[in-house]
Amino acid sequence: AQSVTQLDSQVPVFEEAPVELRCNYSSSVSVYLFWYVQYPNQGLQLLLKYLSGSTLVKGINGFEAEFNKSQTSFHLRKPSVHISDTAEYFCAVIMYAQGGSEKLVFGKGTKLTVNP
Amino acid sequence: NAGVTQTPKFQVLKTGQSMTLQCAQDMNHEYMSWYRQDPGMGLRLIHYSVGAGITDQGEVPNGYNVSRSTTEDFPLRLLSAAPSQTSVYFCASSYGQTTDTQYFGPGTRLTVL
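Note that the protein sequences, when read in sequence, are chains E and W.
Position 79 (the first sequence) corresponds to 79 in this note's numbering; numbering is contiguous.
Numbering-wise, this note's numbering comes out as the position in the second sequence, counting from 1, plus 1000.
Honestly, I wouldn't trust all of these hints.
Under the rule of at most 25 Å between Cα atoms (straight-line distance), these lysine-lysine pairs were calculated in the DSS-like manner [stated by the list, open to error]: (1) E/58 / E/111; (2) E/69 / E/49; (3) E/108 / E/69; (4) E/108 / W/1009; (5) W/1009 / E/111; (6) E/69 / E/58.
Label-pair ranges, simulated between beta-carbon atoms [unchecked claim]: (7) W/1019 / E/53: 42 to 50 Å; (8) E/30 / W/1054: 30 to 38 Å; (9) W/1082 / E/56: 31 to 39 Å; (10) W/1017 / E/5: 21 to 29 Å; (11) W/1086 / E/54: 37 to 45 Å.
Derived by calculation from the structure, the hints in this document are not laboratory data.
For glycine and all other residues, C-beta sits at the position ideal for the given N, C-alpha and C.
Just chain E, same shape as in the assembly:
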């Protein structure tokens, strides 16, 4: 089973509409969860992360995500999107390798397209 699954490969929305990008993780990995964003022709940058504490995590650019342990989900939301939010979004989780080292593993990504 995949460590992290992004359920939608593409999400088109209209400007100012709300959006939810879905991410589910395997119960066999850690509960350290991340969302990264990649704008066209750029590297990735961190949007937000959940390590512990409040299950509602607020990030940059008005995004937030909710950690749901019972549903093993970490969905990303924004109440009103802008054209500039058009990008690819990646959910990521920390996995523990043999020997105790940790590695960051990414989902396959969701392309968000915001249309005028």
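Let chain E serve as the given structure and place chain W on it in line with the hints.
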């Protein structure tokens, strides 16, 4: 700070050629990693390092070698390039632990003919 730098930005190789993708960071980060990004596959971890002298394999290590002789540099070597290695390669680093924010380089677009 320059952050994470990668060279070259673009590279075309013939099958069987070897090359090294360079990655350097000036933030004194301990953790560094290499990913490849392919359409519909997301980012897949190739190799990573938790500090100088320590490296480990990721999800797709075959065909790639790494070494970490200094904190700053983490080169990725392709010993005998294959068309399946055509991809965009990203280097990333973080301060100490994987829970820290990863800082990504701008990427190297590699084509193997």
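Going down the list of hints, with the structure as the test:
no., hint, in the structure
1, E/58 / E/111, "holds (21 Å)"
2, E/69 / E/49, "holds (15 Å)"
3, E/108 / E/69, "holds (21 Å)"
4, E/108 / W/1009, "holds (23 Å)"
5, W/1009 / E/111, "holds (23 Å)"
6, E/69 / E/58, "holds (17 Å)"
7, W/1019 / E/53: 42 to 50 Å, "holds (45 Å)"
8, E/30 / W/1054: 30 to 38 Å, "violated (20 Å)"
9, W/1082 / E/56: 31 to 39 Å, "violated (45 Å)"
10, W/1017 / E/5: 21 to 29 Å, "violated (36 Å)"
11, W/1086 / E/54: 37 to 45 Å, "holds (43 Å)"
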